[in-house]
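Asks: Chains as they are written, first to last, in numbering that gives the first Met the number 0: chain F, 0 to 367; chain V, 0 to 191.
By construction, these hints were calculated from the structure, which means they are not laboratory data.
There may be inaccurate statements among the hints.
[What the hints assert, rightly or not] Covered, in the sense of this in silico footprint (three residues per stretch, anywhere, with C-beta under 8 Å from a C-beta of chain F), are these stretches of chain V:
#, segment
1, 60–74
2, 85–98
3, 117–125
4, 141–148
[Stated by the list, open to error] Capping the alpha-carbon separation at 25 Å, the derived lysine-lysine pairs in DSS-like fashion look like this:
#, chain 1, residue 1, chain 2, residue 2
5, V, K159, F, K317
6, V, K39, F, K48
7, V, K102, V, K159
8, F, K248, V, K96
9, F, K48, F, K320
10, V, K63, V, K44
Remember, it's a predicted structure, so these values are computed and weren't measured experimentally.
Note that CB positions come from ideal geometry on N, CA and C, so glycine has one too.
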Amino acid sequence: MDDFRSTEIIFGPQHPGIHGNFAMRLELEGDMVRRARLVPGYLHRAFEKLMERRTWHQNIALVPRICVPDPDVNEAAYSMAIENIMGLEVPRRGNYIRSIVLELSRLAAHLMGLGGLGGAIGLYTLPMWTNGERDYVLDLFEALTGGRVYHMYTWPGGVRWDMPENWPRKALKVMDHIEAQLPSYYSLFFESKVTDARLKGLAPITTSWAVEHGVTGPNLRATGLEVDLRRDDPYAAYEELDFDVITLKQGDGMARALVRWYEVGQSIRIIRDAIEKMPGGPVIAKTPPPLAFMVPPGDHYAHVESSKGEYGYYVISKGGKYPYRVHVRGPSFTHGIDVLEKMLVNQELADVALITGGLDVCPPDIDR
Amino acid sequence: MKEDTLSDVDTKSENYVPGHTTVQEALGYINAHLPDLKVKLLSSKRGEILVEHSIKGEVLTRLKEEGFDHFAALSCIDMIDDDRIQLVYHVWSYGSKGHILVKTELPRKDPSTDTVYRIYRPAITYEREIKEMFGVDFPGNPRLTQFILEDWEGPPPMLKDFDTEAYAVEHFGIARRDLPSKPPQPKKGGES
Numbered sequence: 000m001d002d003f004r005s006t007e008i009i010f011g012p013q014h015p016g017i018h019g020n021f022a023m024r025l026e027l028e029g030d031m032v033r034r035a036r037l038v039p040g041y042l043h044r045a046f047e048k049l050m051e052r053r054t055w056h057q058n059i060a061l062v063p064r065i066c067v068p069d070p071d072v073n074e075a076a077y078s079m080a081i082e083n084i085m086g087l088e089v090p091r092r093g094n095y096i097r098s099i100v101l102e103l104s105r106l107a108a109h110l111m112g113l114g115g116l117g118g119a120i121g122l123y124t125l126p127m128w129t130n131g132e133r134d135y136v137l138d139l140f141e142a143l144t145g146g147r148v149y150h151m152y153t154w155p156g157g158v159r160w161d162m163p164e165n166w167p168r169k170a171l172k173v174m175d176h177i178e179a180q181l182p183s184y185y186s187l188f189f190e191s192k193v194t195d196a197r198l199k200g201l202a203p204i205t206t207s208w209a210v211e212h213g214v215t216g217p218n219l220r221a222t223g224l225e226v227d228l229r230r231d232d233p234y235a236a237y238e239e240l241d242f243d244v245i246t247l248k249q250g251d252g253m254a255r256a257l258v259r260w261y262e263v264g265q266s267i268r269i270i271r272d273a274i275e276k277m278p279g280g281p282v283i284a285k286t287p288p289p290l291a292f293m294v295p296p297g298d299h300y301a302h303v304e305s306s307k308g309e310y311g312y313y314v315i316s317k318g319g320k321y322p323y324r325v326h327v328r329g330p331s332f333t334h335g336i337d338v339l340e341k342m343l344v345n346q347e348l349a350d351v352a353l354i355t356g357g358l359d360v361c362p363p364d365i366d367r
Numbered sequence: 000m001k002e003d004t005l006s007d008v009d010t011k012s013e014n015y016v017p018g019h020t021t022v023q024e025a026l027g028y029i030n031a032h033l034p035d036l037k038v039k040l041l042s043s044k045r046g047e048i049l050v051e052h053s054i055k056g057e058v059l060t061r062l063k064e065e066g067f068d069h070f071a072a073l074s075c076i077d078m079i080d081d082d083r084i085q086l087v088y089h090v091w092s093y094g095s096k097g098h099i100l101v102k103t104e105l106p107r108k109d110p111s112t113d114t115v116y117r118i119y120r121p122a123i124t125y126e127r128e129i130k131e132m133f134g135v136d137f138p139g140n141p142r143l144t145q146f147i148l149e150d151w152e153g154p155p156p157m158l159k160d161f162d163t164e165a166y167a168v169e170h171f172g173i174a175r176r177d178l179p180s181k182p183p184q185p186k187k188g189g190e191s
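Chain F on its own, in the form it takes in the complex (with noise of 0.2 Å):
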């Protein structure tokens, strides 16, 4: 009888519900979520065997690509675990370039997650609003690296170019617009009865349950657990960069939105402070040319803040051209696999897509 009772549906890898390109085998009764199973692999592209063949330079190509809305903390964690193999120091100015960069990337993620969690909803004012605001930040990018979406613009040692002399006026002008749209999202979206009946109350977790389960970034601080890699093992230079760590309690949907929105703000203000306290000098360390860069033999595990969790590469080298091995930690191989097939049993089918969005799940992090 029971074989009679439940439906199993594969969600994704095409539908508008779904947040990549994975699938999910959901085993339903009636509207109800009983089990869960994710599909990753759609998107694999094997970078972790091709960074093995490619110079330590070629690779900051293949990096970005591994999350596609949130590019940049790639190229930061890859660089950062070779100068530390290296003893190479960043001079203070290329720091503040890639505080700057890695707060646009966090900005124009969060618009996008926010924007997407509109959809699921059926709001779909937001999703047009926030990625409106995005594309201001990729015009920021493409100025300032020649690319919109991936930069390869973060170099082991520094930056690869200073910013154009009319950049960091451009960059507080869109700062500024942004700014001044927040208050009308939040009207929007949180305001809403929609999102209110939607969010609160979804899929709540508590810290003990997030930590236990490796839950990291803004899904960990929507349980109110106050850690920031930025602060916490300070990189770039956050140091010297005024922020707040937000942090919510609920640890349900709407915390983990919320979280998000007042992210937008604190990126705001770290960008505006880097720019303002931005020291002279060099934005790149001498090293020797691409084709003659040599990484003496070790291992480093770096890791950064992303939009959506932490993000870590342990860079192997035996000396040489190349690496020997480079393993990339996402957030999502977390939160997109175990986290998720918890968290959606005994939730609606209508929930699911708001559940992954929420969670900010970037399944080519997964795949790799």
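Assemble chain V onto chain F, guided by the hints.
Replies: For chain V alone, kept in the frame of chain F given last:
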């Protein structure tokens, strides 16, 4: 395997307290209890421990008790020259903000070591990937099912001696030498 779900999460009583043992203290503690281990302080916030794979579970349990309760990652490295597979367990303490790398080595032939997912839950997915990509077996892990490679019959592809070109020739009938050295040029003329 029983599904443990969010309904088991008690959202009312929250009592998470991060541990504050520093990396140096944790290494000292491990050294005092298991004197044969090689421990090394890399910096004030980073340390590493080299262990035999049979006692890594004990070391990890102690580290977790000392507050290193965030399992950041499990890395696998094929040390083909030494005929070894290395596993690196990365653990982080939210209280003392320190990172410890627990390194262990397995023979390259039929590598196998007990799962640590009962100590650190996130290991369940890392072990699943490593089983597929490196062929390391983790007895006790209930989720060592097909992960990313679909219908894969070849050797574990992340091993250093996996010949990508030979595999491509055998399965897809195309070798690098068969590929044109220059991309095809567009035809000149009035074609539109």
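Asks: Are the hints correct? Go through all of them and say.
Replies: Hint by hint, here is what the structure shows:
| no. | hint | verdict |
| --- | --- | --- |
| 1 | 60–74 | holds (count 6) |
| 2 | 85–98 | holds (count 5) |
| 3 | 117–125 | holds (count 6) |
| 4 | 141–148 | holds (count 3) |
| 5 | V/K159 - F/K317 | holds, 14 Å |
| 6 | V/K39 - F/K48 | violated, 29 Å |
| 7 | V/K102 - V/K159 | holds, 19 Å |
| 8 | F/K248 - V/K96 | holds, 21 Å |
| 9 | F/K48 - F/K320 | holds, 15 Å |
| 10 | V/K63 - V/K44 | holds, 16 Å |
Violated hint: 6 only; the structure is consistent with all others.
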